[in-house]
Amino acid sequence: MKPETYPEMLLEHAALLIARRRPSAADLRRSCSASYYALFHFFIGEAAKLFPASGRSYIRRCFHHGEMSKTARVFSSNQQIVIDTLKGPGQQPTHLTHVAHRQNKQVAVAPKLKDVARSFVEAQELRENADYDLAHAITKTEADMAHRRVIQTIEDWKAVRKTRAAKLFLIACMGMKRQGS
Amino acid sequence: MSRKGIPMSVEDILRDESLSQPRFVEQVTYEETLDSSGRDAVYIWLILPDKTRITPPQFENLVGYSRRIVEAFNKSGLDIAPYIRYARRSEFKNKDVIA
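Chains A and B are the protein sequences, given in the same order. Heads up: take any position in the first sequence, counting from 1, add 2, and you land on this note's numbering. Heads up: take any position in the second sequence, counting from 1, add 6, and you land on this note's numbering.
Quick caveat, the hints were computed from the structure, so don't treat them as lab data. Here the structure is a predicted model, which is why all the values come from computation and not from measurement. Backbone N, C-alpha and C fix where the C-beta goes; we use that ideal spot for every residue, glycine too. Wrong hints could be hidden among the right ones.
Short derived list, chain B residues pointing at chain A, Cβ under 8 Å [to be verified]:
#, residue
1, 21
2, 23
3, 90
4, 92
5, 93
Here chain A is said to cover these stretches of chain B; the calculated rule only asks that three of the stretch's residues, wherever they fall, bring their Cβ under 8 Å from a Cβ of chain A [claimed, not checked]:
#, segment
6, 29–37
7, 73–87
Work out the full structure: start from the sequences and follow the hints.
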């Protein structure tokens, strides 16, 4: 089936690079990177859907790898999220306070959402190695696993996307630095 | 965390039989490093035989095993970020010349 969305195109690209007869180190590194970016853009797309169409272009530019990673680390290692813990250093969690007033201060994180967050952290770490750290080898097996993991993570997300914690995850992934500055 | 409240070692965690290592994982080894954010990290390599085909059940088993390892680290009291990496035997042997 022909890919329709940008994340689907990136996943197809990642698969093609791995499937080459003798993939080069560059193929494997680019494949890991493409798999990660598929997940990155998938989450941005999901977050944008929470907002009116007129604001989505702006929303899409509010995401930064570092902030998404910090958020994913918090979600991947906690069963309960205390909304205040998501604020940036020395900043008021302005947009999250909003959520906190409407919801409980604590939000339960489903095991599947923890897995999703953990997969994001691992995909990003692998992408950092793949793109910047030539001292760390990338094997074909892990490029293949990274690709499969991203596909699985997107499927897992579909099971939790309607939960409060999942929506909070998306909002928290938005650039907290910009919100506070 | 161990029963006495002392953080466990990486070896202790990986040796724990409750992790239920899948039979097709030939070897589990690790290297301590720093992650991209500069935090102490450990790369845990799951090494598979060269002939292993990662079919759906194998994939699910590998992912499940990876998650159990990460959970064990989260509960261990060790301030170190675990990352699961995968290689077939021949890839692992040559990994230092793959870059």
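Against the structure, the hints come out as follows:
no. : hint  : in the structure
1   : 21    : violated (22 Å)
2   : 23    : violated (22 Å)
3   : 90    : holds (7 Å)
4   : 92    : holds (4 Å)
5   : 93    : holds (4 Å)
6   : 29–37 : violated (count 0)
7   : 73–87 : holds (count 3)
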